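Each chain, letter by letter, is given below.
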Amino acid sequence: MKIHVSLLDTTYMNSMQSALNASLLRQQVYANNIANVNTPGYKREQVHFDSILQSQLAASGQSMGISTGVVQPLSLEANNTRDIGTNVGSATALGTVSPVVTTDSSTAIGGNGNNVNVDAEMSALAENQVGYGALVQDMNDQFSMLRTAILGS
Amino acid sequence: MIQPISSIGSLATLPLQSGAPSAGSGSFSSLLGHALQSVNASVTQAEQQGIGLASGTSPNIASVMTTATKAELAVDMAVQVRNRAISAYDQIMNMQV
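Quick mapping for you: the protein sequence lines, in order, are chains P and A.
Going by the working numbering, the first residue of the first sequence is number -12, and it counts up by one from there.
Going by the working numbering, the first residue of the second sequence is number 319, and it counts up by one from there.
Same shape as in the complex, but just chain P (with noise of 0.2 angstroms):
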């Protein structure tokens, strides 16, 4: 069954994979930082994914200038890597799109070399949550279509 290929292996569902897994380390990176907040000499830890993976996206070709309402001809069936008429690499490649954790130092530092605001990771982390509903609920959507078009019913 090559089903997976062209109905699940695409550029959505994947990015959306990286997505969520990105949402869920932002979650833990944050949680971690408030944890932390009396630690002396902490710095607190920040997410970067979207600029990545807007960088993947418009590496594979599947920027967000893509014309809509155009009827994309369906994807040819490929067993070998030497089979024509396939991009499935690089849609499957956005599925492993990595986060990037880095520390930040800029901004205002308290006497114990600790820069966490409280405020600002809990909002931060309320943030990501809505995010991650909406990812969910959109992601929701497009299985259920799908689920529709596969039952006919």
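Treat the hints with caution; some may be incorrect.
To be verified - Residues from chain P that keep clear of chain A, each with C-beta distances beyond 10 angstroms, as calculated:
| # | residue |
| --- | --- |
| 1 | Ser5 |
| 2 | Pro27 |
| 3 | Gly28 |
| 4 | Ser77 |
| 5 | Thr90 |
| 6 | Asp106 |
| 7 | Ala121 |
| 8 | Gln124 |
What the hints assert, rightly or not - Computed beta-carbon distance windows for the label pairs:
| # | chain 1 | residue 1 | chain 2 | residue 2 | range |
| --- | --- | --- | --- | --- | --- |
| 9 | A | Ser381 | P | Ile96 | 28 to 34 angstroms |
| 10 | P | Thr89 | A | Gln398 | 30 to 36 angstroms |
| 11 | A | Arg402 | P | Ala45 | 41 to 47 angstroms |
| 12 | P | Ala113 | A | Ile410 | 24 to 30 angstroms |
| 13 | P | Ser77 | A | Phe346 | 37 to 43 angstroms |
| 14 | A | Leu350 | P | Gln15 | 46 to 52 angstroms |
| 15 | A | Phe346 | P | Gly139 | 18 to 24 angstroms |
| 16 | A | Gln398 | P | Ala22 | 49 to 55 angstroms |
Don't read these hints as lab results, they were simulated from the structure.
Remember, it's a predicted structure, so these values are computed and weren't measured experimentally.
Virtual Cβ for every residue (Gly too), placed ideally from N, Cα, C.
Please build the complex by placing chain A on the supplied structure of chain P, with the hints as guidance.
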């Protein structure tokens, strides 16, 4: 005083309703093709906006959600029209003549 019934010839000059395809109108297959293309366009748009949400380039979550739901409804509509058409075909085929 009874007025004679006027002819309905003027109906032919009425403008087509909005949504009807201008090119090749009247052909059922072109009508169906246009309808399916618009469903496909709506699904593609929802996917693009979803990718925008994933990559942080879409600032408006509400618009993404609305587009996704519209696409879902369009697909539901297309599938239901297909189901009813097949059911009508079955009924006609099973008629005793």
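To see whether the hints hold, each was checked on the structure:
Taking the minimum C-beta to C-beta distance to chain A, about 7 angstroms, the non-interface status of P:Ser5 is violated against the 10 angstroms cut. With a least CB separation of 34 angstroms from chain A, P:Pro27 remains clear of the 10 angstroms interface cut-off, as annotated. Non-interface call for P:Gly28 relative to chain A: holds, since the shortest CB-CB distance, roughly 31 angstroms, exceeds 10 angstroms. Under the 10 angstroms C-beta cut-off, the non-interface status given to P:Ser77 relative to chain A holds; the minimum distance is some 14 angstroms.
Under the 10 angstroms C-beta cut-off, the non-interface status given to P:Thr90 relative to chain A holds; the minimum distance is some 21 angstroms. No beta-carbon of chain A is positioned within 10 angstroms of the beta-carbon of P:Asp106; the least distance is around 23 angstroms. Non-interface status of P:Ala121 relative to chain A is broken: a Cβ of that chain comes within 10 angstroms, the nearest being about 5 angstroms off. For P:Gln124, the condition that its CB be more than 10 angstroms from all CB atoms of chain A is violated, with the nearest at approximately 7 angstroms.
The given range of 28 to 34 angstroms is broken by A:Ser381 and P:Ile96, whose C-beta atoms sit roughly 39 angstroms from each other. Remark: the range hint 30 to 36 angstroms for P:Thr89 to A:Gln398 is contradicted by a beta-carbon distance near 50 angstroms. About 43 angstroms separates the C-beta atoms of A:Arg402 and P:Ala45, a value consistent with the hinted range of 41 to 47 angstroms. The hinted window of 24 to 30 angstroms between P:Ala113 and A:Ile410 is violated, with their beta carbons roughly 58 angstroms apart.
P:Ser77 and A:Phe346 have their C-beta atoms about 39 angstroms apart, which keeps the hinted 37 to 43 angstroms range intact. At about 50 angstroms, the CB distance of A:Leu350 to P:Gln15 agrees with the hint of 46 to 52 angstroms. At roughly 21 angstroms, the beta carbons of A:Phe346 and P:Gly139 sit within the given window of 18 to 24 angstroms. Between A:Gln398 and P:Ala22 the beta carbons are some 51 angstroms apart, a value that agrees with the proposed interval 49 to 55 angstroms.
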